[in-house]
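**Q** First to last, the sequence lines map onto chains A and B. Counted from 1, the first sequence has number 183 at position 59 by my numbering; the numbering is strictly sequential. Counted from 1, the second sequence has number 860 at position 79 by my numbering; the numbering is strictly sequential.
Source of the hints: derived by calculation from the structure; they are not laboratory data.
Okay, the calculated bits of chain B under chain A, using three or more residues with CB under 8 Å as the criterion:
(1) 814 to 823
(2) 870 to 883
Short, incomplete list of chain B residues facing chain A, as computed with Cβ under 8 Å:
(3) 784
(4) 861
(5) 867
The structure presented is a predicted model; accordingly, all values stated were derived computationally and were not measured. Glycine included, each C-beta is placed from N, C-alpha and C at the ideal position.
Residue strings, one per chain:
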Amino acid sequence: MARLSAFACGVLFGLGLLLAGMADPAKVLAFLDLAGDWDPSLALVMAGAVGVAALPLNLAPRRARALLGGAMQLPTRRDLDARLITGNLLFGVGWGIAGICPGPALAILLTGHWQAALFVAAMLAGMLIFTALEGRRGR
Amino acid sequence: MSIGWAAFTPWSALAGGALIGLAAALFALVNGRVAGISGLLGSLLQPQGEGRDEKMALLLGLLLAPLLWATFAALPPVHFGTGSLGLIAAGLLVGIGTRYGSGCTSGHGVCGVSRLSPRSLVATLCFMAAGFATVFVLRHLLRG
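Just chain A, with the same shape it has in the complex (with noise of 0.2 Å):
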């Protein structure tokens, strides 16, 4: 059951991307291109989610348990620290290069564009290296 409601939300996070636009890094890019000819629209892609979830995700914490029993695994960090900064900052510069980030490079990977694949192949990659220097550090 969990796992069908898992894949119904990313289905639904797919369907909403492609609606929304976000999964054509063309307009992302407009959307990041302040000093061009500016299209607004992400700005509004924003304001929808976070209108739409702001509630629920504002409940969710208060919940001892989800609704389907498992236990709440939602993020209570709430310091700030040089890696957040500077981890989002280097997120930003790749964001800017290409248009496209985690959830839509996902869904479109699979619309036979080349490009995508080779995005995500380096986006594991990235991963993955973060994985291993952390896996160093962590010894």
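Model the placement of chain B on the given structure of chain A, informed by the hints.
**A** Relative to the frame of chain A, chain B by itself:
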């Protein structure tokens, strides 16, 4: 700044955003988890961890969404303005950056901002600012 009104798609942007928000809300309430794509993907790349089947199921749904879409309507266009080297560099930066920064547009930008998490608000400001700056440098400074 000039607004490209011809490319502006306010209704589909709001509706698509609402679907994304609904997916994030359901995943949090029903499964008790954050629908952060980089976090889910990254944790599946680790040798062990809990909830692997649920995480995999969400990512599978995301991968298959365009196939479902394509059975009812033509897929929206996808344009890449970046060559192979750019895609590789971007992918590596996104992969490393989202793991060091504990999230991406979905985990921080949608889920975290919805909860007004201070970490996610700072994270979102950082990746947005870096994205704006990078496009400015690549499109306007380097290409003149």
